[in-house]
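Q: Guided by the hints, dock chain B onto chain A, whose structure is given.
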Amino acid sequence: MELYNNVGRQIRALLPYAPAKRAPYDAAACAPEGEKDRILFGSDTAYELGGGGKQSAEAVLFADLPEEQSETLLYGPDLSEISSDVPFGHITVVKMKESEDAALSSERLKTIGFTVFQLYPEGYHIRISPAACREQVRVAKAALQKKPPLSFLNVGNSLIKAFLRHPDVIAVQTAFITDPAVDYKALSVLSGKTKKITDAVQSTLQLDELDCASCKMKPLCDEIDGLRELHFRKEGKR
Amino acid sequence: METKIFAFTGKGGVGKTSLSAAFIRILSETYEKAKILAVDADPAVGLSAALGIEPKKTLDDVRLQIAESIEKGETGAAAELLSEAKFHLLDCIAERGNISFLAIGRPEAAGCYCKVNAYLKQVIEGISGNYDFVVIDGEAGIEQINRRVLEHISYLVLVTDGSKKGLQVIGTIRQVAEKLVTCEKTGVIVNRVPAGYAPELPDLLAVIGDDDTQRRNDMRGESVFALSEDSPLYCGAKEALKNLQENKNGIV
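Protein chains in written order, with the working numbering: chain A, 176 to 413; chain B, 3 to 254.
Bound-form chain A, shown alone (with noise of 0.2 Å):
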């Protein structure tokens, strides 16, 4: 989706030029999974990602991404080389199947966006706001002293083994950021301009206003390129 091009423009620049590692999608090497509803308590716990009121971001983006290959980067420390709470950023590429039908792909984006509130990986306690764009993560003592230890890559392989059960997932690129280096408090603001465009899209296609002048939608289309031609080319279909 073109909607999300210029966001994710701005996302990549924020980031190191090469990720410390990135593996293709590997559904054999998946985290082990946890119960949901299971809490991971603080003494369990080694450190928080994004704990500790430090930065946190999150967010999917569903764009075009220039392979069909699914694949989780990380940019910065891995799980077993981290030992207290850190800054932390988890972005999502989604590449989905093209749909005539725009209002039917945009119900989609919602649906196949709230994967990420249903992953339970055993010692990785997940958990997300939505409202402030935020994932924290406990990770536990336990899983960190395993041999080999939790790894990114096994939570990766696990989040894009869920995405790839909906149909209209082709890949799925997901990048794991704990390089303190990056500067997480733009990467937060524009984990907050991805979700707005998620739920503008929605909304504007919800609508059945015509006139730019009067439409409450008018700043966001202003703001994100794309939108309108989205909403005037459902009417058009009508």
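Everything labelled a hint here was simulated from the structure, so no lab data went into it.
In this text, a Cβ means the ideal position worked out from N, Cα and C, and glycines have one as well.
Among the hints, a few may not be true.
To be verified - So the derived label-pair ranges between C-beta atoms look like this: (1) E127(B) x P191(A): 39 to 45 Å; (2) A198(A) x E4(B): 37 to 43 Å; (3) K187(B) x K360(A): 51 to 57 Å; (4) R187(A) x E186(B): 32 to 38 Å.
A: Same frame as chain A, but now just chain B:
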């Protein structure tokens, strides 16, 4: 181990909070490896001081935060609300050893919170499975029974003093609970009574005399963990817990 939920209720000022705290201490000492969730469901928020555990946030803070995010249009879909509730819930849980503490807080804002409450209830029910014991210090009276906040519990502990009013209140709670609460067992603790007082109640768990040591403990601002093991409150709570688990009656 299946989660056992204890809920304390009764008239105001009869010592529900002190007894809840004593139960929590005894459970944490008796079952060292067990996980215990202490829920302060009383808007008076006294269990925190009784246990000496200070939460950073209450559930009411979370409720307000989520309600605000809905108003601002930041969250809306059911999956988002649930995720938001789960996110903040972890910040509400304060841990001390094998005890986790969660305070409902004092609702101060007007407006309807039914939707938010429903998600919070779902989240609390979800996390209960993480614990071996959940002890709820309930609000005085029958409101939480009426509103089905306390719907599925293992043990309903009715606390009263020796007054006729206190006994009437637990009688009313008992009648309402029979209709609205799924509960394995109900028992009564008669607290703060003069020496020699022995009420005749079918499901009496313990009769606890006036406890000067506990009063002094409160005045010093010390938690239940500072209370002597031979204090009437500690002994009474231990006896009540034993009787509740063994289905016996007792007088301390």
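Q: Does each hint hold? Answer for all of them.
A: Consistency of the hints with the structure:
1. Judged by the Cβ atoms, the range 39 to 45 Å given for E127(B) and P191(A) holds: they are separated by roughly 43 Å.
2. Range check, A198(A) to E4(B): Cβ separation about 42 Å, and the 37 to 43 Å hint holds.
3. Take K187(B) and K360(A): their Cβ atoms lie about 54 Å apart, and the range 51 to 57 Å holds.
4. The supplied range of 32 to 38 Å is broken by R187(A) and E186(B), whose beta-carbon atoms lie about 58 Å from each other.
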